[in-house]
Every structure is written in structure tokens, then in C-alpha cells.
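Engineer: This is what each chain is made of:
Number of protein chains: 2
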Amino acid sequence: MSYKTQKLNIKSNLKGNIFKFIDISSSFYSEFGEIYFSEIRYKEVKAWKKHLRFTTNLTVVCGKVRFILYGGRGEFHEEILDNGDNYKLLQISPGQFYGFQGMDSERNLIASMINHPHDDQESVVLEHKNFNFNWGDVDWT
Amino acid sequence: MSYKTQKLNIKSNLKGNIFKFIDISSSFYSEFGEIYFSEIRYKEVKAWKKHLRFTTNLTVVCGKVRFILYGGRGEFHEEILDNGDNYKLLQISPGQFYGFQGMDSERNLIASMINHPHDDQESVVLEHKNFNFNWGDVDWT
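Protein chains in written order, with my numbering: chain A, -16 to 124; chain B, -16 to 124.
Where hints are given, some of them may not hold.
Identical copies go unnamed one by one, so any copy, or any two together, can satisfy a pair.
[Said to hold, decoys possible] Straight-line C-alpha distance at most 16 Å; calculated EDC-like pairs for lysine to aspartate or glutamate:
#1 K(-2) / E61
#2 K33 / D103
#3 K3 / E61
#4 K(-2) / D103
#5 K(-2) / D87
#6 K33 / D68
To be clear, the hints were calculated from the coordinates, so they are not data collected in a lab. For clarity, every value in this text was computed on a predicted model and none was experimentally measured.
Given only the sequences and the hints, what does the whole structure look like? Please build it.
Structural biologist: The following block contains the structure:
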């Protein structure tokens, strides 16, 4: 598998918390290309995608998102991120196929930082059916 | 005033929209230091602050936030940001005093990118009362 995770820090504040994401001293940081935000609606799936050259550092800033990472030979790994107990950084390396699903009935939002600006030619997208994974098999409680 | 704004692009998608923020080709981009997220609860105020050396590029990714920028001589400017019609980038230069207030009864979240990693010694914080601004005078509809 070509991904890793790291627990992120939340600084509590009565008027509203501060959520640390990434700075240049982080071992997850290499270079800045772009930062953008992706919504994923409740139960909807965006899958499968892999980047050819980009490394993605992402976190979930609203709601809860389930990420599935393809490990080859029919093997899948799951990472669930939210902005509470599962507030963490997920780094996805080039070549790693992944997909994700919205798990909160309100708003789910991912913050993604990539090490180059967006380039449509740089990623490979496959339809759901290309991998034998059942996205419906999820505990929605 | 030492701030500027730019309308940001939202790419519509039935499964969830994509919100562009900033990339290295943007005229607002100079250098990457850190990105973090700040909550501001409904009607709560964080004010006043100015950075001595950092430039902040920020946007609102959840809810709606009212920013007040101090223009000197008792003058104040208001910028309201959300993730709909008012989805925009607000760039605040060093030396510019500002404060902000949560306007959505659900969650308000700001994404901030600064051109150096966080440094407690680098900002000046004043209490509300230092500037004669009435934060209560707001239309909550």
C-alpha cells in the first residue's frame, strides 16, 4: 500500500477550535502546488482514481468520510476520517488507487493539498465496477 | 486598507462540488508556510489581531463568517464570506488589524494559508474594546 496516516492536533477554544493541518516542518510536506476542497454527499461514492505523479495530503474538515485504498490482489484497506476523534492526515502516494464515500447525512468536506497544480492529464480514473468492492456494506450509525 | 478579495471558482458536481482555493499560479500566492482551519461559533467574535510579517490567504469552507477590517481613524470595512455566492479568497496583509464573527447557527470554518509556519510571537492581539466597533449590530437573517 502506498499511503500513510498521521493523527492531527486540535487546539480547543470556547469560541471555536483550531485544527492544525500541515506546515513546512511536517515530514508529510514536500512541495506546495495547490489546495482545494471536495464535497462528497451522503452515501455517494467517488471512485476509483490514482495520481500518476502527484502526492496528495488530505484531511476531513466537515462531516465524516470513508476512504478505501486498493491494495492489489482483491485486497482493500479502509480509513475513516472526521474532524473529531478521527481527525488525521491521509497521505496518498502516486500509483495508489483510492475512492471515498460520504458518511455524514449533513455536509462532508475534504481538504486536499497536492504538490503540483491540478492537471486533468495526470490522473487515471476507473469506474466503480473495475474493482470488486461493495460500497453498500457500511454501518451508517 | 491592506487587504484584497477575489471570487473563487466552484465546480458543480452531483456527488459533491469542488471548491478551488489557491495554487501556485495565483497572483495571491507567494510562499507556503502552513495551512490550518479555525472554527468560529455562532455570534462569537475573535478580534482584534494583526500579523507583523505574515500574509494570510483565507476562505470560508463551512457556514458564513463576517470579517471586519480596521481602516484607521474609526473606519471599518466588512467582508462576508461563505461557500455559496460569497465563496471568495480574502488576503490580509501584515499590519492589517482584523476580527471575525460566526454567522451561521451550524458550523463556521475558515481555511487559512500563511506564508510561514505559525509563530505566537509574530502577531499582535488586542481586546475587543480597543476599537469602537459594535459586533452586535448584525442582521442575523
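Engineer: Among the hints numbered above, which are violated by the structure, and what are their numbers in rising order?
Structural biologist: Hints 1, 3, 4 and 6 contradicted; others consistent.
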